[in-house]
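> Here's the letter readout for the chains.
2 protein chains.
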Amino acid sequence: MFQTRKREAGEGLRVAIVGATGAVGEVLLGILEERQLPIETLLPLASHRSVGRTVSFRGNEIEVQEAKPEAFDGLDIVFFAATGSLSKELAPEAAKRGAIAIDKSSTWRMDDRVPLVVPEINPEALDAHEGIIASPNCTTIGVVMALEPIRRVAGLEYVVITTLQATSGAGKPGVDELEAQVTAIREGREPKAEVFAAPIAYNTVPLCETFRPEDGYTTEEVKLLYETRKILGPTHSGGDVDVHMTCVRVPVPVGHAATMLIQTERTISPEAAREALAAFPGIEVVDDIATNLFPTQRDVVGRDEVLVGRIRRDLTSDRIALWQVSDNLRKGAATNSVQIVEALIERGLV
Amino acid sequence: MFQTRKREAGEGLRVAIVGATGAVGEVLLGILEERQLPIETLLPLASHRSVGRTVSFRGNEIEVQEAKPEAFDGLDIVFFAATGSLSKELAPEAAKRGAIAIDKSSTWRMDDRVPLVVPEINPEALDAHEGIIASPNCTTIGVVMALEPIRRVAGLEYVVITTLQATSGAGKPGVDELEAQVTAIREGREPKAEVFAAPIAYNTVPLCETFRPEDGYTTEEVKLLYETRKILGPTHSGGDVDVHMTCVRVPVPVGHAATMLIQTERTISPEAAREALAAFPGIEVVDDIATNLFPTQRDVVGRDEVLVGRIRRDLTSDRIALWQVSDNLRKGAATNSVQIVEALIERGLV
Numbered sequence: 001m002f003q004t005r006k007r008e009a010g011e012g013l014r015v016a017i018v019g020a021t022g023a024v025g026e027v028l029l030g031i032l033e034e035r036q037l038p039i040e041t042l043l044p045l046a047s048h049r050s051v052g053r054t055v056s057f058r059g060n061e062i063e064v065q066e067a068k069p070e071a072f073d074g075l076d077i078v079f080f081a082a083t084g085s086l087s088k089e090l091a092p093e094a095a096k097r098g099a100i101a102i103d104k105s106s107t108w109r110m111d112d113r114v115p116l117v118v119p120e121i122n123p124e125a126l127d128a129h130e131g132i133i134a135s136p137n138c139t140t141i142g143v144v145m146a147l148e149p150i151r152r153v154a155g156l157e158y159v160v161i162t163t164l165q166a167t168s169g170a171g172k173p174g175v176d177e178l179e180a181q182v183t184a185i186r187e188g189r190e191p192k193a194e195v196f197a198a199p200i201a202y203n204t205v206p207l208c209e210t211f212r213p214e215d216g217y218t219t220e221e222v223k224l225l226y227e228t229r230k231i232l233g234p235t236h237s238g239g240d241v242d243v244h245m246t247c248v249r250v251p252v253p254v255g256h257a258a259t260m261l262i263q264t265e266r267t268i269s270p271e272a273a274r275e276a277l278a279a280f281p282g283i284e285v286v287d288d289i290a291t292n293l294f295p296t297q298r299d300v301v302g303r304d305e306v307l308v309g310r311i312r313r314d315l316t317s318d319r320i321a322l323w324q325v326s327d328n329l330r331k332g333a334a335t336n337s338v339q340i341v342e343a344l345i346e347r348g349l350v
Numbered sequence: 001m002f003q004t005r006k007r008e009a010g011e012g013l014r015v016a017i018v019g020a021t022g023a024v025g026e027v028l029l030g031i032l033e034e035r036q037l038p039i040e041t042l043l044p045l046a047s048h049r050s051v052g053r054t055v056s057f058r059g060n061e062i063e064v065q066e067a068k069p070e071a072f073d074g075l076d077i078v079f080f081a082a083t084g085s086l087s088k089e090l091a092p093e094a095a096k097r098g099a100i101a102i103d104k105s106s107t108w109r110m111d112d113r114v115p116l117v118v119p120e121i122n123p124e125a126l127d128a129h130e131g132i133i134a135s136p137n138c139t140t141i142g143v144v145m146a147l148e149p150i151r152r153v154a155g156l157e158y159v160v161i162t163t164l165q166a167t168s169g170a171g172k173p174g175v176d177e178l179e180a181q182v183t184a185i186r187e188g189r190e191p192k193a194e195v196f197a198a199p200i201a202y203n204t205v206p207l208c209e210t211f212r213p214e215d216g217y218t219t220e221e222v223k224l225l226y227e228t229r230k231i232l233g234p235t236h237s238g239g240d241v242d243v244h245m246t247c248v249r250v251p252v253p254v255g256h257a258a259t260m261l262i263q264t265e266r267t268i269s270p271e272a273a274r275e276a277l278a279a280f281p282g283i284e285v286v287d288d289i290a291t292n293l294f295p296t297q298r299d300v301v302g303r304d305e306v307l308v309g310r311i312r313r314d315l316t317s318d319r320i321a322l323w324q325v326s327d328n329l330r331k332g333a334a335t336n337s338v339q340i341v342e343a344l345i346e347r348g349l350v
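So the sequences go chain by chain: L and W. Mapping of the first sequence onto the numbering used here: position 48 corresponds to residue 48, and the numbering continues sequentially without gaps. Mapping of the second sequence onto the numbering used here: position 46 corresponds to residue 46, and the numbering continues sequentially without gaps.
Quick caveat, the hints were computed from the structure, so don't treat them as lab data. Check each hint, because a few of them may be wrong.
What the hints assert, rightly or not - Chain W stretches covered by chain L per the calculated footprint, using a threshold of three residues with CB under 8 Å from any CB of chain L:
1) 123-129
2) 186-199
3) 230-238
4) 245-254
5) 258-270
6) 285-297
7) 314-326
Heads up, the beta-carbon is just placed ideally off N, CA and C, and yes, glycines get one too.
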């Protein structure tokens, strides 16, 4: 069993953030301030380009240091909120020094030794960790949060998903590109597309990340299939859930949305699905057609819950349809990572 | 059989447009100029509020007259590009006077006496018309155009669709509301939502038109099911196609997009689907992952073709997935109406 350093009674956690100055890092700092994690020291780390900048935490300005192996000595938790290549190189270095790496990148997610955890769903997976724990992709988190309550009451055979993903999924450059293109188009100039493969302002782009030559799917899309399966495990008598998906980038700065058509193993009424969703921790049902009530990306910004609406029976089958939104920087990234640490504490693993 | 007036050899058509000053009416005027319809006179009609305004056609400014029954005397074709209530009242009046009403509204589409036509797909339905012909909803047209070539080679059992629909689907007020909200948000003010049920700028809204209390679907969504069935007829040995759909409004002024997951009756390869689509009139395949090539709404503005890309085999089933975009004001509305008249001429029906 992986062992972090022995802490004295009342002694807090020594925490570092790799990528503290990025889009997710900034949100993570805010969430660590909001929530009640017992943090003794917080060390912001980044690539050498950001060294010397400061980040603000609990009223103090803390200088960013370089993310390198020796920086992890004596730490309990290292959040990786940076690129996958940095996680690949440095997460094992953190673990080697007795710190638990909580990784936001895709690097370690499908590694058999690495738990892939959404704490509301599979916290028990944490018990077998070997020093690296992965947080799922932002789109996966919203999807599994909406699937799990339904799986528990009715089993899951497959789900057909279309995601509508925010530009911040590509970090700050994605958000900036949207704004620059909106300005250009309003001034009658050609928008320049650099972060995304086509103009995203006043447009939608059916490519998130990169195409896989072998099957025409995107790297983002296949994550939804394989991560969902790893988190949920077998979901029906026939085995794992099938996920059919298209991921689309939309001109929205923050918030991922998804349409989901769910084939359960046993027929379930929309009312029973709504009840199961409403009772699940971390989900809020926002669904009243009489008052045109449904959640949008704009509603979920700054929230930690996954919002679910438009829960209904498919018109010509027994499938359940719904619409789901989450803040891709919070529950989709930073909040889930912090909840993983909270679950580690609760399970006596740190 | 419905009989229009007898024309002399070489005599052109006398055409009116009801709703000539609206979003679709304006595009329709442009398309009538572009295409080679033999038009002798063109009469712009509108509600009494617009009487006295002028529209431009083939270099002439023509004064808008009031849309009332007597205005239809002596005409051959009346395009209805206005509200459903105007079509309901006036389309029978046009037919009674020997003119063929081509209706863009939803009023007559599901009437058994009224052909619902996409000329590339079911022109033969025109032969039985009784004076009113309906053009399908803008979302339906893109969908059936992408389905029909696949149906012909492999049959269709069902399709799961998520649409991403332009604000111009709600006419000029929809386009204006998006722009006003973009300005408000960029200036730090609250966006005002009047046309759409929630802010559409930097957001997506899972409600097009209105909710149906009986099943939680929207009026826009059920059109996709019933219109598709009426146009395609039986699509497999078991009968009609099932359509499972969610319609989402996106902050894009012109162009409807859709993700489609298609269960064919007989297994078909993505290559065969691509070939069938590319060979179909009115479709252009834009699909090369090696060069990040796929169609977007921005690409289809001002075009009459339906653009299809991301054609691929589902990862865990034999379904075919694709992405489709069309100009909702052109092929989704005005172009299809004009093509209906071209088909009437070709079939000797006018």
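> Look at each hint and say if it fits the structure.
Okay, the hints, checked on the actual structure:
{"no.": "1", "hint": "123-129", "result": "violated (count 0)"}
{"no.": "2", "hint": "186-199", "result": "holds (count 4)"}
{"no.": "3", "hint": "230-238", "result": "violated (count 0)"}
{"no.": "4", "hint": "245-254", "result": "holds (count 6)"}
{"no.": "5", "hint": "258-270", "result": "holds (count 3)"}
{"no.": "6", "hint": "285-297", "result": "holds (count 6)"}
{"no.": "7", "hint": "314-326", "result": "holds (count 7)"}
Figure legend: structure checked against the earlier numbered hints; hints not met, in rising order: 1, 3.
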